[in-house]
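*Asks:* Could you slot chains B, C and D onto chain A? The hints should help.
Listed below are the residues making up each chain.
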Amino acid sequence: MELTLTSDQEALVDAFAGFLAKESPPQAVRAAEPLGFDARLWSKAVEMGVATMALPDGGAALLDLALLAELVGRHLAPIPFVEAAVAGRVLGEQRQLATIALRPAVDGVARLVPAAAVATAVIALDGNELVVVEGRPLPLAANMASAPLADCDLHAGERTVLATGAEAVARHARALDEWRALAASVLYGIAASALDIAVAYAKQREQFGKPIGAFQSIAHRLADDATAVQGLQLLSRKAAWALDDDPTEGGRLAAMAYLWGGEVANKVAGDSLHYHGGYGFMLEYDIQLHFRRAKLWSVAMGDPRAAYTRLGYQLFSGAA
Amino acid sequence: MELTLTSDQEALVDAFAGFLAKESPPQAVRAAEPLGFDARLWSKAVEMGVATMALPDGGAALLDLALLAELVGRHLAPIPFVEAAVAGRVLGEQRQLATIALRPAVDGVARLVPAAAVATAVIALDGNELVVVEGRPLPLAANMASAPLADCDLHAGERTVLATGAEAVARHARALDEWRALAASVLYGIAASALDIAVAYAKQREQFGKPIGAFQSIAHRLADDATAVQGLQLLSRKAAWALDDDPTEGGRLAAMAYLWGGEVANKVAGDSLHYHGGYGFMLEYDIQLHFRRAKLWSVAMGDPRAAYTRLGYQLFSGAA
Amino acid sequence: MNFASTERAESFRAEVRGFLAEHVTDEVRRRVEETGTHHDWGLHRAMADRHWIAASWPEEYGGLGWGPWEMNVLEEELFLAGAPRDGMSLTMTATNAIHHAGSDEQRRSVIPRVLSGEILLCLGWSEPDAGSDSASAKTRAARDGGSWVINGQKMFTTMAHEATYVFLLTRTNTEVPKHRGLTMFLVPTDTPGFELQPVHTLGGERTNITFYSDVRVPDSARVGEVDHGWDVMRVALSYEHGTSWGAHLERLVQRGAAWARATGRIEEPSVAERLARAATDAEVAMLLGQYSAWVGESGRISDVEASMAKLFSSEALVRHSGELVDVIGPEALLKDGQPGSVADGDFEHAYRQSVVRTIYAGSSEMQRNIISQRGLGLPRG
Amino acid sequence: MNFASTERAESFRAEVRGFLAEHVTDEVRRRVEETGTHHDWGLHRAMADRHWIAASWPEEYGGLGWGPWEMNVLEEELFLAGAPRDGMSLTMTATNAIHHAGSDEQRRSVIPRVLSGEILLCLGWSEPDAGSDSASAKTRAARDGGSWVINGQKMFTTMAHEATYVFLLTRTNTEVPKHRGLTMFLVPTDTPGFELQPVHTLGGERTNITFYSDVRVPDSARVGEVDHGWDVMRVALSYEHGTSWGAHLERLVQRGAAWARATGRIEEPSVAERLARAATDAEVAMLLGQYSAWVGESGRISDVEASMAKLFSSEALVRHSGELVDVIGPEALLKDGQPGSVADGDFEHAYRQSVVRTIYAGSSEMQRNIISQRGLGLPRG
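The listed protein sequences correspond, in order, to chains A, B, C and D. By my numbering, the letter at position 78 of the first sequence is numbered 78, and the numbering carries on one by one without gaps. By my numbering, the letter at position 265 of the second sequence is numbered 265, and the numbering carries on one by one without gaps. By my numbering, the letter at position 197 of the third sequence is numbered 197, and the numbering carries on one by one without gaps. By my numbering, the letter at position 182 of the fourth sequence is numbered 182, and the numbering carries on one by one without gaps.
Here chain A stands alone, though its shape is the one from the complex (with noise of 0.2 Å):
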C-alpha cells in the first residue's frame, strides 16, 4: 500500500484543480443551471487533454481518472466528465460527445440518462444488444440537481449495435463498474468540499458568544463525517485502482464505493446545510448546490437499497 500520489498524478491533479479553481467557481455552476452544462468549460477541458486520456490509448488508468472525477464534484464542474470517460472507454474512441445510459432500456428507451441532454452519442443496453445512438442532444428532463438528463429513444437516431448477447452484457457491465468507481469520486469530492464549507462556517459563525463549532452537538458530528468523508476516499480510490490492478475484487469495490458515496455525500452535504441555519437555504450559498447534486448522484441508477441486496447475493450467496 503506497498511498502518496505519483508526481504524475500530482501534476495532472494540480493542473485540473487549477483549471477548475480559475474556470468553474460557483458563479460559473449557477450560470450553467438549470442545463447543468458549461460548453465553454467542457471545450476548454477537452483541449487540456481530459477527455482524451480516459480512452484506452490514453495513457490513463481508472486511478487517474478518479483523481479527475473528485475535483469535478470539489468543484460542481458542470461538465460530464465522467460520462463521457466511461463512454469513451467503451467505444474506444472520443466522440463529441458521448455518454452512457445506467438502466437497461425499457421498450426500446433508455430513461433519464445523464448527459443525455447534451451528448450526441448515447450508449445503452436494449435487450441484449449493446447499441450507439447518434443524434442531437435530446430535450432536458429538468431536475433537482440540474443535471443534463433526457430520455433517449434508442430507434430514433444513427443506431449502431457494439455488441451482442453475453459480450453485450458483459461490456455494459464492465462500463458500469467504471462509472461506479468514478461516480464514488465525483461524491467525495462533493462530500469533501461540503465538508470544508461547514467546517470554515462553523469556525467563522458566531451565536452565543463563541463559534458554533465549538459546541459539541456539532463540533462531533463533524467529526463523523469527516471520518466518512476519509473513509470514502480510501474506498473509492481503492475502488478504481482494483478496477485495473485487482479484477476480482474490482467489480465488489466498485459498487460499495458508490453506495457508500452516495450515503456519505447526501449526510454530509445535508449536515452542512443544516449547521448553516437559515443561510443554507438562501440560494446565494454554495452548499445547497452540493445538496442537491449529492442525492442525484446517489439515485441515478436507481433504488440503492436494491443495489445494497444485489451486492449482497453477489458477495455471499453461494449461488452467485
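Derived by calculation from the structure, the hints in this document are not laboratory data. One or more of the hints may lead you astray.
Short, incomplete list of chain A residues facing chain C, as computed with Cβ under 10 Å [said to hold, decoys possible]:
| hint | residue |
| --- | --- |
| 1 | Gly108 |
| 2 | Pro137 |
| 3 | Ala141 |
| 4 | Ser217 |
| 5 | Ile218 |
| 6 | Leu273 |
| 7 | His274 |
| 8 | Tyr285 |
A virtual CB, placed ideally from N, CA and C, is assigned to each residue, including glycine.
*Replies:* Below, chains B, C and D without anything else, positioned relative to chain A:
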C-alpha cells in the same frame, strides 16, 4: 383524547408499582437469573390478582394490563405477566401457569417459547390447529436476556385442540396483537427506566470538572432518547386502547408499537450503557440488565425488519 | 384515559376538510409554488370569514374559543391539504403577543384588521449575526423626542412583502446584559426608510431581508415596556410552537403509499418496509403533537412536549423524504410537469424543503436544549 | 499510489495465519470465554519465541523492526482469529512507555522479561472519579525518605491478576494544575498493601479494581520525572491506538455470511442487503485502519487517523452486531452450547461486547474531540 389515568387506573398502577418496588428490586432480578423467574414474586402477584384480572371476566381493559406491563418492564420483574395475561385471554380461564408461542410451530415444535421454561401450559398454532399442551415446565434454553425460554414439543404433553382452521388462525392472530401491545408496554418500561438511570447518572457523574450531562454530546442524545420514550408511551398505550375500543386500528397500532418499542428500548438502553463509560459493563451496575432484556423482547417474534415489511403490505398493498 | 378524538373535534375536522377541498385548489398550490409566497388572500379571507384565523381566541375577542385540541385538528388538516399557511401563522404569532402585551390602542387598531383577514403581520427577529440566538439582536432603536429612530437589518422576514406591519425586535440599551436591552415595535411597512429585498430559498419559499434606515416611529408603536422586549418575545415564542408538524410526514407517507400502490412497487419487500417505517414515525409524530396539544388543553405549559413534537417530526421528515427519493430513483427528482415526473414533483420538493424544517421555529439543537434542560433537568453546558 | 499489500506483509500474513490456526485452539477460546481473561500463556510465549510481542521494535532491542503496516497485518490476523490479546497489548502499551521514559535499570530489569513472554504488565490509570479524564487521578504517592508511599484505588486494572507490575498513575502534587502534578510508577503486584478484586463485565471480560494501601516502593520504581507523569502517559497513550479495529467487524461479517449461507437465509433480500451494508462498513473500517498504519509507516503522527479508525469501526460494530441479532431472531441470543444456538453464541457475544469497544482505549466522545480539534481545527467547547 383524555390522557389522564382514571382514578381506578391510578390506584392499580400505584399498588403494583409499590409492590414491585418492594418485591422486585435489582437484587431480586439478579437472583432470579439465569432462569428469569421468581416463583415467590409470581405467587404474590397472583395473590394480588394481577393474573386473574386479565381474564375476560376479570374486568380489566387491555389498557389496564398495558399499564401493569409498563411496570413489569420498569422493574424488570422476573414474572411472566404478559405471557400469562395473553394466554389467559385465549383460554378464558387462569391456569397455573399458561403461556403462548409467538411463532407458528415447525414440525410440531414451537421454538423458544417465552416463559415455557416455567409454565405448565403452552398455547401454540400447530398447522391449522390452535392447541394447548399441558405438562411440566420445559428445560431452559439459556440466553443472553435471562428469560425463561424453552422449546416445546406440542405432542409431548397433554394436548387439547382449542380451535381449528380460520378460527384457530384468527384467535392466534388476536392473541399476538395483544402480546405485541403488551410487549410494547414492557419495552416502554425498560426504555423509561434506562432513561431515568442515564439522566440520574449524567447529573451525578463528573468528568473534566462538570457533570457529563452538561456536555451537549450526551445532553442532546438524551433529548432524542426522551422524545422517543415519550412517543413510545403514547403509541403503546394507544395500541392497547385501540385493541379494545377501535378495532379497525388496533392491529396496525400494535404492530407499530411493538416494532417502534424494540428500536427505542435497544437504543435507549444502549445509549444509557454507553454514558456509563466503563461502569456500564460492570455486572454490578443495573443498566446491563436493561440492555440484555430489551434485545430479546425486540426479537422474540423474529426479524423486526420482516415484520415491518409485513406491516407495509398490510397497510398499503391493495392486495391485502 | 382514552385516545378517541372528541365528536366536536371530528365534526370540525370534517368541516375543515370540506372547506379546504374547496379553497385549496390546484391553482392556489401552483401560485404558491411559483411565487414561493406561502399565502393566498382568497383562502386567508375565507378562513377569516369563518373566524378560523384566531379560532383559539375567546368569542368576545373575535375567536371561537377552540382549545389546543381543536387547533391541532385545524393545523393537521391544513398541513395534510398542503395549504399555504405562513401568512396566517406568522401573523398570529405576532398578534398573540400584541393581544397580551400591546397597548389598548394597538389592540384596537391592529387586531380587528387581522381577524377580518384584511392585513398580515410579519416577524422581524433574526439578524445576520443572530439566528438561534435572537437575543443578541443589534438593530438599534434610539429615542428622539417622542419618537424612535430605527436602524439595522433583519434576515428571514418572511411575508414582509405582503405584511402591513413588522413585529420588530430592536436593541434599545447596550449597557445591560443582552436579554435586558431589547424593545419590541410594530413598524408599518410603508414607513419611509423601510426597504426589503427578496430572498429565494432551496425549498422554493420566498423570504426577505428587511432594511431599516432612520425608520421613525412614534412611541405608540412600541409593544411592551422599554428594554423589556424579551418578555414580549417569550410570549410570542410560546405561540410559535405548533403541535401538528407530524402532519407533514403523514402527508408524505400518504403520497408515497399512493405512488407505490399505483406503480405496484409496494410489492417489493424493501418498499413496503420503508413505507411502514415512515408510517410508524408519522404515527409517533402525530401522537407527540396531539400530546402537546392535550397538555396545553389541560392548562399546563407544554414547551417540552412541543419541542419533542417539533424535533421528532422534522428530523423524521428529513429521513423519510430522502428514503422516498431512494425508493423511486432519479424519476423522483424530476421537476413537476416534466415527462415522467412523479406525484407532481412532490418528493423532490419534500426533499428540498425538509431540512429547513429542522431549522426554523427553533433549530433541532435548540429543541434538544429545551428538552434536556427543562424536560430532563440537565445542567446547561 | 496503489492499494496492494507488500509481498513481505502478505508473507507475514500467511505465517501469522498458520501460527494462529495452530495456537488459537478451541480449547484456548473456551478457557478465555470461561475465565474472561483475554490472555493465554501458551499463545503468548509462542508469540514471544517468534519475537512477535514487540515486533515493531528494532532488532537490537529484541524486536523485528516491523513497521506499522506489518503490525497492522499481525493485529488484523489476531482479531480475525479471535485470539486473546489483552495481555500482550496492555503489556506493550506500558513497555513502550518504559522503553522511552524509564531508567536504564527499569529497561534492563523489565524489558527482557516482557520480550521473552515471562511477565505481563497492566495499566493502573482509571479511577472511580476519573474515566475519560485520566489526568484527574487522585491516587496519592507521597515521598517518605528515599521511597514513596502510595494510597488509592484504580478501576479497570485489566490483567492485574496475571501481571507482575502495575504501570501506575499517581498524584504527587495537588498544588498545581491537574496535568502537572502526576507521577508514574512501576509497582510490583507482590508489594504488601496491593490488593485486587475481580470485576466481571457484560462482555464476559474479567477486569479488576486494584487497591493501594500504604504500598511502599523505592524511588527507583518511578518512571520519568516527579510531577511529569503526564508526559509519560502521553507516550503510552500514543501506543494505545491500534489500527486494526475493523477486523472485529470483518470477523463478524464473515460469521454472519457463513450462517446466512448455511441456512439459506441469504436468499432473503433484506438479509443480503444487511450483510452487504455490514461488509461495506467493514471494508471502510479496515481501510481507515490501514490508512492510519500507512500514515504511521510514513513517519507522521497518525493520532487523528487512528481516532477515525477506532471511532468508525467500534460504532459500526455496535450497529451491525445488533442488526445480525435482528436478522437471526431469538436464536441468536442463545448461549453457546444450548440446543439450537447459532455460531457458538458468537452473535449474542458480539452484541454484549460491542458497546464496550466504544468506551475503552478512548471513548467515541474522546475520539470525536481529537478529530474535531486536532483534525479539523475546531475550537474547544
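*Asks:* Compare the structure with each hint and give your call.
*Replies:* Outcome of the hint check:
{"no.": "1", "hint": "Gly108", "result": "15 Å, violated"}
{"no.": "2", "hint": "Pro137", "result": "16 Å, violated"}
{"no.": "3", "hint": "Ala141", "result": "5 Å, holds"}
{"no.": "4", "hint": "Ser217", "result": "5 Å, holds"}
{"no.": "5", "hint": "Ile218", "result": "8 Å, holds"}
{"no.": "6", "hint": "Leu273", "result": "5 Å, holds"}
{"no.": "7", "hint": "His274", "result": "6 Å, holds"}
{"no.": "8", "hint": "Tyr285", "result": "9 Å, holds"}
Hints 1, 2 from the list above are not met by this structure, while the remaining hints are.
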